[in-house]
Structure formats: structure tokens, C-alpha cells
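S.K.: Below, each chain spelled out in residue letters.
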Amino acid sequence: MTVEVRGGLRLEGVVKRFDEVTAVDGVDLELPPGKLISFLGPSGCGKTTMLRMIAGLERPTEGRVFLDGEDVTDRPAHTRDIGMVFQSLALFPHLNVAGNIGYGLRIRGAPKEQIAATVEELLKLVSLEGLGQRRIQQLSGGQRQRVATARALALEPRLFLLDEPLSALDANLREQLQVELRLLQQQLQITTIIVTHDQREAMTMSDLVVVMNAGRIEQLGAPLEVYRRPASPFVAGFIGRTNLLRGEAAGDGTVAVAGRPFDVAGGDTAAGDVTLSVRPEAAQLVVDGVPERNALPGTIVFVRDLGELFECFVDCGLDEPVIVAGSPRDWVPVEQGAEVAVRFPAEACVVVAS
Amino acid sequence: MSERERPTRGAYGVLAFPVAMLVIFFLIPFGIMVATSFYHRVEGAFWTPAFELDNWERLLHPVFLERAVFSIGICLLAGLVCVGIAFPFTYFLTRMRRRAHVTLLIVVLSALSLSEVIVAFTWYILLGRASGVSNILVWLGLMNEPAAYQPSFVAVLLGLAYIAFPYCVLTLYPQLTRLDPELTEAAQTMGASPWRTFWTVVIPIARPIIVAGFLLVFVFTLGSYIIAFFLGRPEHWTLSVFIADQASAQANVPFASAMAIFLTLLSLLVVGVVGLIESRTRRI
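So the protein sequences, as listed, match chains A and B. If you're matching positions, the first sequence starts at 1 in my numbering and goes up one per residue. If you're matching positions, the second sequence starts at 1 in my numbering and goes up one per residue.
So here's chain A without its partners, still in its complex pose:
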């Protein structure tokens, strides 16, 4: 028996222009079936437009969209076999929960008993058993989100698309639903694309993160890979926080930052200007003298203890203060105004631009 592979997606040279504004500026992308992929970027980066073109709600100005190898660029949304959860959820106010979930099946002309059975099954899947007869207006935010999810999955679509589905919920509920959605996706093995501007959400849920900026793809990779080895200063700054150090590479694996020598891991960088990214939790505070290599002297300008995290802002004479973060357990007591040094271990220095 061959396992049916559904939901493989490929975009070729996709461009979308609205009058003078270019929302998506030449995207080539191939996504594997059965995975959860997130489009991550700031607002206006083109991620929602990409999703809408995949859904068939917008037509690309240029380029083609392929679904399971078939060119679907010219096929309108209602013939594409996709399920989508909208930002507003877009639940139908004139139908109850069961009516909403069964809408697609009703449109397809499925028999009544089959619709009822499928709706029951889906209600169980999203833990809303017994709420089929409720009106949408009687549901809480989290319940509405679950109804929208069930409704999008009712037709067993090839692609499951979510456009910032959790943005209207409060933080605790959002985290809970992120885990729920991820578990659901793993259970169903359905190709899923989620648009988000929340890097924690993307890291919680995804197999693959597509980081977008200004209509282009900045980086594509596994969440941790994108976090640890950001490909550009933008990615480094958008996925978590980072310290950016500008320096000059000698071409032999060393970089001079503010006149001090730095070793860079895997640093076969060509000679010239480079930017290094060092995560705050990878930087270290040194209180007894300035190490010769991979360190900068500075003055502590601000200290804060967040309970789970201790943070120190150090003015090292760069454009912005360097942030050093660590667990409060192994923290050396320091005070504002103290003269210290910050060490940037070679393995934590990532070249993000040259």
C-alpha cells in the first residue's frame, strides 16, 4: 500500500503588487508535506499576502503556485481543497456551532447523517463535545478558535492554513492553544501553514520557520537553527534578542571589534567588514580584568532581575548597550556604574552579514 502524500507546496517566482505597493517580491519556496510551517515576520512583511495567494484568495501578479505538483495559480479558492482559519475567525453568526462546522459538507451536498457524524467527530477532536447547538455569540474566545479549527478541518483539506489565529486571545490561553494546535497537527499529519508575528509561537509550533521581511524570504530553517544561526541581522534581531557587533574580518577566522581581537567559530569569513550576532544568554560578564581575546570592556548602565532571568546592560562604546543575560543562580553580584568586561565566546559569535 502506498501512503498518499498530500499537501506538498511549491511557489515559483511569486510576486504580488497592489497598485504601487509590492507586498510579495519574488518568492521561491518549496515546502514538504505533512509538516507545520510558520511564516514569521513583522506586520506588512507580506506573510498574510503569501498565505492568501496559497489559499487562492489573491492572484499572484507574477509567478506560479503548485499544490502536489499541480499548477493551481488560476484556480479560485473554492476549488483548491484547503481549510483556513482567518484572523477574525470569520465564524458565521447566522449558524450555530454544528452549522458552522458542517457548512463545507453541506455545500458539497453530503447526506445529513454523514454531516452530523463528522461534526460530532470534529467536536470531540477539538474537545467541544455537546456544544454543537450553541450559538457562536455564546462561546468564549478559546471555544470560537476551536470551532474555527474544526470547521477548517471538516473537509479533510490538503492544506491547513492559519492567519494569526491566536492573536485575539490573552497570553495564557494563546500558549495553551499553541500546544493544542501543534498536537492536533501531529496527530493528523496535515500540511499546515501558520502566519504569525510572534517568534515564541513560531518556535513552539513549527517544524520549519520561514522568516520574511519586506516581501522577501530572509531565512528558512528549523526553529532552533534559525535562532542559533541567523542568516542576517534582521533575523537575528527578530527571532529573540541579540547583540550586534560590527567589526573587520582579517580573513583568517579572526575579527577585530573596536580594535580588539575576536575568534569566530567556523569563521572562514573573507576579509572585510562583518557583523557578528551574539545572543544575550551566550555573552558572559567578567568582573576581574579584561580577557585578551573575545571581550570588550564596559560600564554597567542598568541591571534588572526578572526572577527567571537576570539582565545587565553594559555600555561597551558601541551604538547600543550590550545585553548580558543569565540565570539568577549563577549570577555575580554587580552594581550600576561598575567597570566590567563582557566576554563573547567564539562558538557564540555568528557572522550575520559581511
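Quick caveat, the hints were computed from the structure, so don't treat them as lab data.
Taking CB as the label site, the calculated pair distances span: (1) B:Val133 <-> A:Pro76: 34 to 40 Å; (2) A:Pro328 <-> B:Pro208: 56 to 62 Å; (3) B:Arg97 <-> A:Val179: 39 to 45 Å.
Only a predicted model underlies this, so the values are computations on that prediction, with no experimental measurement involved. For glycine and all other residues, C-beta sits at the position ideal for the given N, C-alpha and C.
Using the hints, position chain B against chain A.
M.R.: The following block gives chain B in isolation, referenced to the frame of chain A:
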């Protein structure tokens, strides 16, 4: 009750203005009309205050009852025609680009500046034999000789729907602009064609406002008498034509008053029944 919840004298003051307007411009005239409907008509003069039921008894004459039923029928029909055109029109208007949308809206609303007499005359000419639309059809070779389409039932219906159209659009417009486009998109991602989306999502969601627009047209056209008078034969005249005729030509204000009150009560009854049906069937 806490201090804050108690209405102050100022709060009642705010109410005074609308209440005064309502009393002066609606309740008092209506009261006078109710009183007049019981007055005695003096042949060749006007009327004298009295309390007699003659005017109301005369209303029971089959001619007037038949006119009342006809009026309600044609106005309900005008409501259907008007909403049937205005709803898709307004829906597609709100889905257009901003500039086209505002321009069209202004054109439609500018029809409000036309008086009913001008509208009636324009249709009279357009549907007439001498220089009406049939001449264009003759010129195009589609017809052999020009024809007159008025006076006729359809001409009255058309005229009534025409004068109510801008009001109908104005009633539908605010709600339809607020209709979330994601609702129709959601229907499409679930396999509904644009046509099915319109029937299964747009119309059901907009149902209350469709009914409101329909009732508005009904009540509005029920009060029109110039359209029916110009574009119809006597058998197409609505009760309003007879009211106007009695009040001005026959100088029989008591009978005109009785008919006007009768028409008001009838229209209230229809509005009530339609409203009841709407609210009963909304939630299945």
C-alpha cells in the same frame, strides 16, 4: 440605587426636546386628524365638529376595501422589486474600490433631489408613445412602431420602486459596508462558489436589514399618490390617491381623515406581522 444611577434634572432636560417635537409635529396633528374623522361634513362648505360614524361606515364600502387591499398588495410588491434590485446593487457597491463606490453612491443619492412630480412626469414620458423608450427600440429595428407602456400596473410598480430605491440603498448600505469580507472568503475556502456564498452567507447574515429595507419601501410607497395617479388607470390607483382626491378635490376632509387613519393602521398591521414572522424564523 446609587447616586450616579439616578437621572438628574439635566437628563430629563435632554429628553424634553425630542418629546416636544414629537408632540407638536406628530401627536397633536394626528389627534386633530382622529377628531376630524368623526366630524360632520357640510356639503358645499367644509365641516362642523360632531361625533358621527358616517365617515367610518363609508369606508366599509367594497370599493374602498378593495382599494386598501390593492394598495397593500402593490406596495408589498414594490418593496420586493426594490429590495430585489437594491440589495445586490448595494452589496456589489460596497465590494468595489473606494472611488467607484463613492461616486456611484452619490449618483444614486442625487436622485433624492428629484421631486415625486418630476419623477412621475419623467416616467410618464419615458413610457409614453410619443417620445418614450419604445422609439429607441423602433430605431434599432426591434419593433415596428412605438408603443405606450403607461398607464399600466407595471408602470405604477416601476415608479414606486424608483422613488423608494435611494432610501432602500441608504438603509442597506451601513450594514453591508461592515460585513466582514473574511466571512465570504471563509465560505469560499470551504468550497462555496461566489454565487452560493451570496445565497448561503451574505443573504442570511443580512436578513434583518433586508426585512427592514423592505418594510421601509412598503411604508414609504404606501404614502405616495402622484406616481399612481400619473402612471396608472383609476383601477391602479392606491388609497392615497383617493385620500388626496377627497381632501383637496372633494373638500371632504373628515372622510379623507378616516381613510388616512385606516391606511396607517393597516400598514402598522402589515409591519407588525412581517416583523413577527422575521423574528420567529430567524433562529432555527
